[in-house]
Amino acid sequence: MRLPRFAEHAVERARLTVVPRRRTAAPRVPFFILVAVVLLGGVVGLLLFNTSMQQASFRATALEAEAARLHAVEQSLLMELDQLRDPQKVATRARALGMVPMVSPAFLRLPDGEILGDPVPAKVEDAQRLEPLPARKPPSLHPTPVRVVLSATPDTGRDGVPSDTTGPRTGTTDDGR
Amino acid sequence: MAKQRRAPAGATRRGRSSLATIRSASLTRLRFGFVVIAMVVSVFAVRLFQLQGLDAQTYAAQARAVGAVQEVLPATRGSIVDRNGTPLAESLDGSMIVADPTKTDDDAAAIASVLADRLGLDYIKTVKNLQWPDTRFRYIARRVPTTQATQVVQDLTDAGHKGLDIRRDPVRSYPAGDVAANVVGYVNAMGEAAGGAEETFDTLLSGKDGSATYDIGDGHRIPLGDNSVTEPVNGHDLTLTVDRDLQWYTQRVLRQTVEDAGAESGTAVVLDSRTGELLALADDPTYDPNATVQRDVSKLASRAFTAPYEPGSVEKVLTVASLLDAGLVDPLTKFTVPETLASSDRTIHDYFDHGTLRLTMTGVIAKSSNIGTVMAAREMASQRFYRYLRAFGLGSPTGIPGYGESAGMLSRPSAWIDIERDNIAFGQGLAVTAVQMAAAVNTIANGGVYVQPSLVKGSATTYDGIETGSDLATERRVVSTEAADATRDMMEVVTDPEEGTAPLAAINGYRVAGKTGTAQMVNPECQCYDGTYFTVSFAGFAPADDPRFTVYVVVHKPTNRAGGGMTGGPAFRKIMSYLLQRYAVPPSGSDRPDLPVKWTPVHGKVD
Numbered sequence: 053m054r055l056p057r058f059a060e061h062a063v064e065r066a067r068l069t070v071v072p073r074r075r076t077a078a079p080r081v082p083f084f085i086l087v088a089v090v091l092l093g094g095v096v097g098l099l100l101f102n103t104s105m106q107q108a109s110f111r112a113t114a115l116e117a118e119a120a121r122l123h124a125v126e127q128s129l130l131m132e133l134d135q136l137r138d139p140q141k142v143a144t145r146a147r148a149l150g151m152v153p154m155v156s157p158a159f160l161r162l163p164d165g166e167i168l169g170d171p172v173p174a175k176v177e178d179a180q181r182l183e184p185l186p187a188r189k190p191p192s193l194h195p196t197p198v199r200v201v202l203s204a205t206p207d208t209g210r211d212g213v214p215s216d217t218t219g220p221r222t223g224t225t226d227d228g229r
Numbered sequence: 007m008a009k010q011r012r013a014p015a016g017a018t019r020r021g022r023s024s025l026a027t028i029r030s031a032s033l034t035r036l037r038f039g040f041v042v043i044a045m046v047v048s049v050f051a052v053r054l055f056q057l058q059g060l061d062a063q064t065y066a067a068q069a070r071a072v073g074a075v076q077e078v079l080p081a082t083r084g085s086i087v088d089r090n091g092t093p094l095a096e097s098l099d100g101s102m103i104v105a106d107p108t109k110t111d112d113d114a115a116a117i118a119s120v121l122a123d124r125l126g127l128d129y130i131k132t133v134k135n136l137q138w139p140d141t142r143f144r145y146i147a148r149r150v151p152t153t154q155a156t157q158v159v160q161d162l163t164d165a166g167h168k169g170l171d172i173r174r175d176p177v178r179s180y181p182a183g184d185v186a187a188n189v190v191g192y193v194n195a196m197g198e199a200a201g202g203a204e205e206t207f208d209t210l211l212s213g214k215d216g217s218a219t220y221d222i223g224d225g226h227r228i229p230l231g232d233n234s235v236t237e238p239v240n241g242h243d244l245t246l247t248v249d250r251d252l253q254w255y256t257q258r259v260l261r262q263t264v265e266d267a268g269a270e271s272g273t274a275v276v277l278d279s280r281t282g283e284l285l286a287l288a289d290d291p292t293y294d295p296n297a298t299v300q301r302d303v304s305k306l307a308s309r310a311f312t313a314p315y316e317p318g319s320v321e322k323v324l325t326v327a328s329l330l331d332a333g334l335v336d337p338l339t340k341f342t343v344p345e346t347l348a349s350s351d352r353t354i355h356d357y358f359d360h361g362t363l364r365l366t367m368t369g370v371i372a373k374s375s376n377i378g379t380v381m382a383a384r385e386m387a388s389q390r391f392y393r394y395l396r397a398f399g400l401g402s403p404t405g406i407p408g409y410g411e412s413a414g415m416l417s418r419p420s421a422w423i424d425i426e427r428d429n430i431a432f433g434q435g436l437a438v439t440a441v442q443m444a445a446a447v448n449t450i451a452n453g454g455v456y457v458q459p460s461l462v463k464g465s466a467t468t469y470d471g472i473e474t475g476s477d478l479a480t481e482r483r484v485v486s487t488e489a490a491d492a493t494r495d496m497m498e499v500v501t502d503p504e505e506g507t508a509p510l511a512a513i514n515g516y517r518v519a520g521k522t523g524t525a526q527m528v529n530p531e532c533q534c535y536d537g538t539y540f541t542v543s544f545a546g547f548a549p550a551d552d553p554r555f556t557v558y559v560v561v562h563k564p565t566n567r568a569g570g571g572m573t574g575g576p577a578f579r580k581i582m583s584y585l586l587q588r589y590a591v592p593p594s595g596s597d598r599p600d601l602p603v604k605w606t607p608v609h610g611k612v613d
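Protein sequence lines correspond, in order, to chains A and B.
Per my numbering, the first sequence starts with residue 53, numbered consecutively.
Per my numbering, the second sequence starts with residue 7, numbered consecutively.
No wet-lab data here; the hints were simulated from the structure.
Be careful, since some hints might not be right.
Across the chosen pairs, the derived CB separations fall in these ranges [unchecked claim]:
| no. | chain 1 | residue 1 | chain 2 | residue 2 | range |
| --- | --- | --- | --- | --- | --- |
| 1 | B | Gly-333 | A | Pro-184 | 42 to 52 Å |
| 2 | A | Gln-106 | B | Pro-176 | 51 to 61 Å |
| 3 | B | Thr-163 | A | Ala-120 | 10 to 20 Å |
| 4 | B | Phe-38 | A | Arg-111 | 48 to 58 Å |
| 5 | A | Ala-120 | B | Ala-297 | 46 to 56 Å |
| 6 | A | Asp-178 | B | Arg-567 | 37 to 47 Å |
| 7 | B | Val-47 | A | Phe-101 | 29 to 39 Å |
| 8 | B | Gln-68 | A | Gln-106 | 51 to 61 Å |
| 9 | A | Pro-186 | B | Asp-128 | 14 to 24 Å |
| 10 | B | Pro-139 | A | Arg-111 | 45 to 55 Å |
| 11 | B | Arg-124 | A | Glu-183 | 23 to 33 Å |
| 12 | B | Val-42 | A | Pro-79 | 40 to 50 Å |
We put the beta carbon where it would ideally sit given N, CA and C, even for glycine.
The whole structure should be built from the sequences, with the hints applied where relevant.
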């Protein structure tokens with residue numbers, strides 16, 4: 053078929069051709085940066101997390117030690133308090149200050165200043181014995197003393213010198229028993 | 007494999023530009039390297055098999071042992087506290103200092119002087135312990151506050167002394183020593199409750215131990231490691247009705263009384279008249295629960311509960327109250343009291359010799375006349391008298407659990423012969439415990455209503471499931487208010503300086519009601535009352551116009567020949583004065599009713 057010459061150009065123009073695929077090179081750099089950031093962030097984050105965990109663990113141990121120490125202090129103070137308020141100890145100290153338990157209770161009524169009861173000054177005899185008496189020695193450990201009485205007039209020897217000042221004692225002194 | 011393929015490829019590439027000889031030499035080297043690598047890898051494989059296949063269990067166990075820590079979390083045992091919350095028994099975390107004498111031997115003197123100085127230890131004993139031969143373990147000090155122990159041992163270690171160490175020493179502490187020891191009981195060295203409230207309320211006090219397991223690395227817990235904790239359940243506290251300071255004072259007064267009377271033992275009971283709460287319960291001799299060695303078994307029990315005895319004249323109060331309630335006598339009933347009185351085949355005497363006396367009922371009580379009491383008691387039928395005594399609580403336990411309480415002894419009236427009934431009327435021939443008797447006398451103080459005594463404030467459950475305590479104390483009316491009041495008035499004459507048997511029990515400004523008791527004890531050798539041993543006692547309450555407290559003091563086997571008024575009276579006065587002051591009870595505003603103790607026959611009229 054022959055087309056008019058003027059149309060040739062249009063036909064030529066109308067012929068379809070395959071458009072070559074446009075190869076747009078995706079920029080690689082952002083992707084790598086992204087991966088790097090994720091990786092780096094992960095590693096650093098993990099590191100930080102681990103560090104903070106360790107830190108928390110150290111802190112927990114330190115706090116536990118502190119708690120144990122404070123517990124010990126509390127217990128020590130409790131022991132001390134117990135000793136200080138032991139009635140026996142309080143009474144012993146009061147006694148050392150010269151105090152005795154009262155034997156005649158009396159009260160002062162504050163609103164009108166009236167004295168109820170019969171106030172009597174404390175006496176030394178009112179003191180309460182605070183310690184047990186020392187254990188008594190059994191009689192077997194406490195034999196009656198053997199008494200030796202020397203005769204009133206010194207027996208003089210033939211030479212006129214008292215025998216007990218010079219020569220050895222002779223067994224004559226137990227006549228007093 | 008990739009490497010292997012690449013290697014010959016590389017060689018080929020190189021071979022294209024090099025000589026053939028080089029190629030063959032390189033192949034030999036390659037095979038040689040391959041063999042070496044194969045050998046090494048197979049060694050690894052064998053070792054791997056050995057570790058994972060054969061010894062796996064052992065290594066796993068080793069790893070667990072190194073890394074994992076298993077710890078018992080001990081439950082704290084509950085405290086036993088007094089009515090004001092002051093501890094009578096508590097668990098404290100102390101430390102013990104232990105030594106390895108093989109290391110401390112050389113500088114024992116230097117260490118001991120520091121320890122003696124800082125902890126107050128005995129120098130000589132400490133030196134001995136530090137030089138103890140043939141051992142590597144020796145206790146140096148126990149129950150030391152942890153801070154103090156740590157400090158001392160640290161300082162000694164810094165100074166170059168070796169061989170000292172600290173260990174945990176959880177202690178059951180009884181801060182006031184022997185105060186209320188017989189009531190509280192103790193926990194022995196093995197940590198077992200052994201007696202008293204400690205044993206009775208063991209389940210309540212002990213709680214439940216917990217445990218913890220965790221991995222440890224370099225002294226620190228490994229985060230995210232194995233970690234499991236069972237929290238311990240701490241024990242509950244137990245509140246007793248006793249008042250620690252009062253208990254202490256009662257014990258000291260009782261000890262002095264027992265010592266001064268040269269007696270074998272004694273008991274003192276202090277009751278709140280209205281509630282029946284035992285404010286103090288003292289036994290002497292007693293023991294220190296803190297000491298772990300010298301416990302004398304005979305001193306451990308509370309004899310106020312376990313040891314029945316014949317109460318003697320204190321019981322006359324119950325006889326008279328019963329007679330008054332039955333309307334058979336009144337405080338002014340006249341008695342002509344003869345020198346002696348025949349009963350069955352025996353003769354009843356009074357403790358003092360007298361001719362024929364003309365005493366009122368009040369006088370019989372004030373002078374504590376056995377004959378007068380028997381004459382009055384014969385007015386009442388045995389059966390009825392027995393019922394009254396039972397209502398006062400004699401012959402049955404008061405119901406406080408855990409102390410092996412005795413019921414005392416009161417025989418059935420069907421078996422009574424005259425002398426038995428007569429004896430019982432003035433307190434012989436029957437046996438009571440101190441708590442029983444105190445509760446019976448307290449009935450008079452409380453207007454004729456018996457209140458069950460209690461030792462636990464509020465309520466608590468014993469190990470065998472019995473609920474007990476002041477909240478559950480029962481009450482019952484025994485005698486009428488009028489009978490109780492009349493008895494009380496008569497008991498006030500007992501502390502009268504002229505007429506009574508116990509003027510030493512009187513307290514300035516207060517009305518005090520009481521009754522003395524001087525009971526003969528059966529001499530076990532002759533099975534008879536031969537006047538060798540006595541039980542002397544005093545029971546009373548104050549203020550008599552509105553009783554608040556009942557105090558009962560009993561002393562067994564005194565050797566000073568003094569009666570209940572001389573021995574028990576002063577002890578009663580001391581304890582009661584302390585009570586009145588401590589609980590701020592104002593003095594009585596009134597005088598005691600004037601009751602005559604004697605009567606004179608109207609002229610021309612024969613009684």
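Hints, one by one, checked against the model:
no. : hint                               : result
1   : B/Gly-333 to A/Pro-184: 42 to 52 Å : holds (50 Å)
2   : A/Gln-106 to B/Pro-176: 51 to 61 Å : violated (33 Å)
3   : B/Thr-163 to A/Ala-120: 10 to 20 Å : holds (19 Å)
4   : B/Phe-38 to A/Arg-111: 48 to 58 Å  : holds (56 Å)
5   : A/Ala-120 to B/Ala-297: 46 to 56 Å : violated (29 Å)
6   : A/Asp-178 to B/Arg-567: 37 to 47 Å : violated (25 Å)
7   : B/Val-47 to A/Phe-101: 29 to 39 Å  : holds (36 Å)
8   : B/Gln-68 to A/Gln-106: 51 to 61 Å  : violated (24 Å)
9   : A/Pro-186 to B/Asp-128: 14 to 24 Å : holds (20 Å)
10  : B/Pro-139 to A/Arg-111: 45 to 55 Å : holds (47 Å)
11  : B/Arg-124 to A/Glu-183: 23 to 33 Å : holds (27 Å)
12  : B/Val-42 to A/Pro-79: 40 to 50 Å   : holds (47 Å)
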